[in-house]
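Both chains come to you apart, so use the hints to assemble them.
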Amino acid sequence: MKVTTNADRLVRQVLAGEIWPPLADRHAYRVGPDGQPFLLPGMGGVTLDVHCGDPATGYASDHLEPGASIRHRDPGANMALQFLTCVGNEVRVVSGPAAGAVGHVIGQHAYVLADFAAAEGPGKSDTAAEGPGKSDTAAEGPGKSDLTTGDAVTVLAVGQGLALPDHPQVVVKNCAPGLLAAMPGGTRPDGRLEVHVAARVPAEAIGAGAGMASEYANTDLMGAYAGLGPDLSLGLEGLRIGDLVALADADHRYGRGYRPGYLTIGVISTGQCMMFGHGPGPSTLLSGPASAFCLVDDVDANLASWLHAEVAP
Amino acid sequence: MTAGDLRLVTVNLLGAVEHPALDGSPYRIDRDGRPYVPAGDGGIVLGLELGDSVFALDADHAAPGACLVHADPAARHALAAYACVGNEVRVRTGAAVGARGVVLGKRGEEGRVIAGFAAADLARIRPGDEVSVRARGQGWRPPGLPPEVAVMNLDPGLLSVLPIDLAPAGTGGGAGTETGAQVVAVSVRVIVPSRLAGNGIGRPAAAWDLDLQLPPPGPDGAGDVLLGDLVAVSDLDVRHNMGYRRGWVTVGIAVHGASPLPGHGPGITPLLTGPAAALRADAHAAGHVGLTAAALRLQ
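Chains A and B supply the protein sequences, listed in that same order. The letter at position 221 of the first sequence is residue 440 when you use this note's numbering, and the numbering goes up by one with no holes. The letter at position 120 of the second sequence is residue 959 when you use this note's numbering, and the numbering goes up by one with no holes.
Isolated chain B, as found in the complex (with noise of 0.2 angstroms):
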């Protein structure tokens, strides 16, 4: 018996909505040494959804969305450690109380969950507020992943929104290629390479996001990736901390904005990492569709 035969359970964790929080000096120092106040870095980002292009604010961090934390350190990093994407989350306090909304990812370091909400019930969100994560998803394989693959961080019930296919055309799908080998295929806005890995690197996937030094678009929009794209990343292997192996993919879902601190940027929580024999990322610049409002109902 394997780790994808045994059943799933559900765990009920409760997450406080975060406020955002600075040391004694508001300035941080931005990648070419200028002194900049760091705006939506954690807590609630009116105005950013999904879809939107993670360079469309002039933000640090910006995720769409309320974050949320926990007062007691080892129960947040539990908080973002359990919570997958997908998972449905409730608040229980507050003017906003009974609105429904959806993980969309993780941030790292001390943890933070990301969870969207409708705009209407978002605006009424307030730092403090508890909300309910129903948690599930880690330690699940589903059925027909090839075996070198692994999926963290993922809702079981999210996998049939999300371009992934796990019997694509050409190969025989789950039921092996010409050569016997299973594949997985995942649509994703772009592959970047290894090298553009920040913030995250050589830190545990399960809990922490990988930010990408990437560009901003050219002037035609080139190059953009939009919160709730799929991104693969060459070369990295997350299974046991994030870090470089040579023929390897990685795949994740794009969760927060950029930022100017050096060694910083748009963050993905991973999804599927494995050898590129067996998990095909294919780039589709103009048409990817990836996790849409629409999809989770929070429109």
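Chain A extracted, bound-state conformation (with noise of 0.2 angstroms):
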């Protein structure tokens, strides 16, 4: 994006963090939106598969969260590690098996999310070496099929602060500056910050996640659910994990709320959900009124056309 940035006076820190396991209770089941019980797997741990630029819905899962799921043990650390990592921030493994192997940050969602790419191996799925991006994926050595649970990890954490100084309205949250740099767009003539977007998404889909902060977690889409009704239906069952998306009339810049006339974009960092009122999820990239942007739409705009390449952290 081609636009000034305070990006030179920004610090960056090394985090730690680990691999947080799946968390169920002895209950086991959750409820769909037609009051199916369910119980499927999504959150924590190192889900395989699936990768920025694949189908964010259509699988067997609840709260999908692509790739490894990170926490730091101390509740203090982890608020931390949470809210100071940002989007496109590497994420290095530590110890176990997969020592060494590089990803990146693509969201926040009470864990924070890094995909890895695809390794060769057991862990390798069929549709890994189709989607876009996915080319540079078989090269990179120590890969995601050999991570697991307890592995710890380095966050480089830098973004936080990140600022337009050209756009005054406009507030970035959770964006790496190198991803700011590799995404197309940026500032036009007329002073507007041009952001291309893979999806529009109505204020009716803003679902769990509202009124909380916006460098937490995220803010599920409901309207999103593969297979079931067509009451159930807001058209966004095309979404893709990585995906850049404008959300309408949603300000985010001090917390997630309704306000008619701004805009949010985010990044689709989680998928599918069964549970009601939850679905695939935008983590917070920047945040103003809608008259600050002009949206492209464009199909390219994915995490997976800029990371795994040469994102600077």
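Hints should not be assumed to be uniformly reliable.
Unchecked claim - If the Cβ cut is set under 8 angstroms, some of the chain B residues that face chain A in the computed set are: (1) Arg870; (2) Ser892; (3) Ala957; (4) Ala958; (5) Asp960; (6) Ser999; (7) Arg1034; (8) Asp1050; (9) Ser1073; (10) Asn1080; (11) Gly1082; (12) Arg1084.
In short, the hints are calculated from the structure, not lab data. If you're wondering where the values come from, they're calculated on a predicted model, not measured in any experiment. Ideal placement from N, C-alpha and C gives every residue a C-beta, glycine not left out.
Structure, rendered in structure tokens:
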């Protein structure tokens, strides 16, 4: 993105985390939109097979978190890890057989979510070599299929505090300077900020996550329950993991709320949900008055176009 | 035999009057980015009553009465889930021992029950006082309710004092319309589009209120909502978590006031949810009368 930033004034911090297991309780089942009980994986641990560029929905999964799900064991340190980590930050595995593998943060979801290039071997899916941005995945050495719960990772955190001096009404959240630089668009002659998005989301879709801090978890989108009734659909079944999306009438500058005439840009960091009022979720990147933005519809506006390539941290 | 044919059980629950709690910083950040100190978010709030505007005070989620909690998190969730609007409560300890109150609503996340009292009783209550809640209502279905409509969080004894009509004129009522469909009609203050739903969306309606991101009323009071009013939300289904469903309606009762936080606002405790063809919400911006202190004998 061709835009002036304060990136040279940001600090970089080394943060530690570990891959955190999926969590369940002894009652096991949750309940879907029509009352259907379900027990489905997706949240926590290491989820193989789904990467940026792949469909967000259509899996037998709930709260699908692609890649590794990361927390810190200490509650206070964990909140710092969740708040300070930004989309596009580098994540390096430092213990276990996958030590040395490098991935990137794709969002937050009460876990930091890191996607790693699909490795050769049992963990590689049939689809992993097909989607956009996947051609570089085979030769990177240790990969995601060797990761598991408890493996330690290092996050090189940079991005909170990123500002756009030429766009004072636009607030940047959770966005690594390197990711912003890699995105298309930028300052237009008319002064607006051009942002490319793969999908536009109506205000009716905003689900769980409304009212929470913009730097934590994400905003679940309703209306993307693949395979369920048309009365539940808001036309969002085509979302992909990593898509940049525009949320209409959403003001995420100081938390997540409804405000007519505002706009929020997010990146889809989680996928399929069966739980009602939940769904694929964007982590917040940019927010401000709609008049400050110029949106360009672009099917390639996806993290797969920029991550695992040469994104500077 | 359906759930509606089964006999209700009543459960005595123990609540403790909440003390407000803050973390290390006194500040929260409002929707315009300004720091503020949250007053009225839980605990005992004096001077706010049913019939007051949800925008009456410069406070954060202020509720008309005392919030009840339990020290054990699981027991606290059960307290919130089983308590129903209209349940009787009784103070068991402290200076207000013996005082009678009524459950007015509930709040989510960790779980809170909002209990209303006569003003003189409320003024004698202190955080930590024990309160017994006579919980009944979950699992209840009133006879004549259309089968597609679900009821929740409602004491059976409260049905007759709320503007809920199980046999609305012109529909044939419980006997069915000309198309044979049953309809329940509810008078509400306002019908709100689902895009205004904030905190509470995606959460269980039996244990969590739904904040509505309502704008403050105009200079003439137009668009105001009063505590105790019934409010309808279109395209919202709250049977299995609260979420978007086209053609559906949810009716709840306004239980707490506005909040400066983005994504928050006046909250409703859901009471009825169903397809719009079976659950008819009629907006009466001026003439609506919801739950009142007089109807609850709290004056």
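Tested hints:
Interface hint status for Arg870 (chain B): upheld, as the beta-carbon distance to the closest one in chain A is roughly 6 angstroms, under 8 angstroms. A cut of 8 angstroms between beta carbons decides the hint on Ser892 (chain B): the least distance to chain A is about 20 angstroms, and the hint is violated. The closest approach between the C-beta of Ala957 (chain B) and any C-beta of chain A is roughly 33 angstroms, which is over the 8 angstroms cut-off, so the hint fails. The beta carbon of Ala958 (chain B) comes no nearer than 31 angstroms to any beta carbon in chain A, farther than 8 angstroms, and the hint placing it at the interface is violated.
Look at Asp960 (chain B): its Cβ only gets to about 32 angstroms from chain A, farther than 8 angstroms, so that hint breaks. Annotation: Ser999 (chain B) was flagged as interfacial toward chain A, and the flag is violated, the nearest CB pair being 29 angstroms apart, outside 8 angstroms. Look at Arg1034 (chain B): its Cβ gets to within about 4 angstroms of chain A, closer than 8 angstroms, so that hint holds up. At its closest, the beta carbon of Asp1050 (chain B) sits 6 angstroms from a beta carbon of chain A; the interface hint therefore holds under the 8 angstroms criterion.
Evaluation of the Ser1073 (chain B) hint against chain A yields a violated restraint, the C-beta minimum of about 10 angstroms exceeding 8 angstroms. A distance limit of 8 angstroms between C-beta atoms decides the matter here; for Asn1080 (chain B) the minimum to chain A is near 4 angstroms, and the interface restraint holds. The beta carbon of Gly1082 (chain B) is positioned within 8 angstroms of a beta carbon in chain A (closest approach about 3 angstroms), and the interface hint is therefore held. Restraint check, Arg1084 (chain B) versus chain A: the minimum CB separation of about 5 angstroms is within 8 angstroms; hint holds.
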